[in-house]
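*Asks:* Residue numbers (this note's numbering), protein chains in the order written: chain A, 1 to 112; chain B, 1001 to 1112.
Accuracy of the hints is not assured; some may be wrong.
Capping the alpha-carbon separation at 30 angstroms, the derived lysine-lysine pairs in DSSO-like fashion look like this [unchecked claim]:
hint, chain 1, residue 1, chain 2, residue 2
1, B, K1057, A, K71
2, B, K1011, B, K1057
3, A, K42, B, K1014
4, A, K22, A, K57
5, A, K71, B, K1071
6, B, K1071, A, K68
7, A, K57, B, K1071
8, A, K58, A, K22
9, A, K42, B, K1011
10, A, K22, B, K1057
Read the hints as simulated data drawn from the structure, not as lab findings.
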Amino acid sequence: GENVEQHPSTLSVQEGDSAVIKCTYSDSASNYFPWYKQELGKRPQLIIDIRSNVGEKKDQRIAVTLNKTAKHFSLHITETQPEDSAVYFCAEALDSSYKLIFGSGTRLLVRP
Amino acid sequence: DTGVSQNPRHKITKRGQNVTFRCDPISEHNRLYWYRQTLGQGPEFLTYFQNEAQLEKSRLLSDRFSAERPKGSFSTLEIQRTEQGDSAMYLCASSVDSQPQHFGDGTRLSIL
């Protein structure tokens, strides 16, 4: 079945702390796992993605880890800043060219 | 800005009316996707095209919904006999080959 569970639904951290968001998927055939950031009233923007042939990917303060055996993947944001405050969505797909199945989102608040 | 463009940004209509939205993808992107997003939820897949061919339609897409991409460039999404439950943000995304999907700002539909 097509289902992505995302936790937590809300997350509040102090500026400078780390934030971790976790997603679990059900389709073992999925090979592509992007993360999108959506600010209020704006379009979802891709911040990082990972494919099933790697276990971890980093881009400055953002990292994603993937455990295909356990079917879960996580977003890690270090040294959080107020401008990181937004809703973050995980997604999964067979490949980036196929339909994305999204999680329900995590609202991240970074307190100054 | 050469990103995905959607028009109109907002549409308010009475229940029972027909509405049509337009999406202009990023130039030379051969794949085009439609998603629907309701408040507090992640985007839900509706349908997608490769060039002018519609490759998949979600079960969410009732027979009141129709999408076209006649020349493999822009796409239209039409909703006939709108219902209250159709109120949502309709997002369009595009991609090329195995590259990530890029989203437009969406069309917010409100049914009175």
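*Asks:* Hint by hint, say whether it matches the structure.
*Replies:* Checked hints:
no. : hint              : in the structure
1   : B:K1057 - A:K71   : holds (26 angstroms)
2   : B:K1011 - B:K1057 : holds (23 angstroms)
3   : A:K42 - B:K1014   : holds (25 angstroms)
4   : A:K22 - A:K57     : holds (15 angstroms)
5   : A:K71 - B:K1071   : violated (39 angstroms)
6   : B:K1071 - A:K68   : violated (39 angstroms)
7   : A:K57 - B:K1071   : violated (38 angstroms)
8   : A:K58 - A:K22     : holds (16 angstroms)
9   : A:K42 - B:K1011   : holds (16 angstroms)
10  : A:K22 - B:K1057   : holds (28 angstroms)
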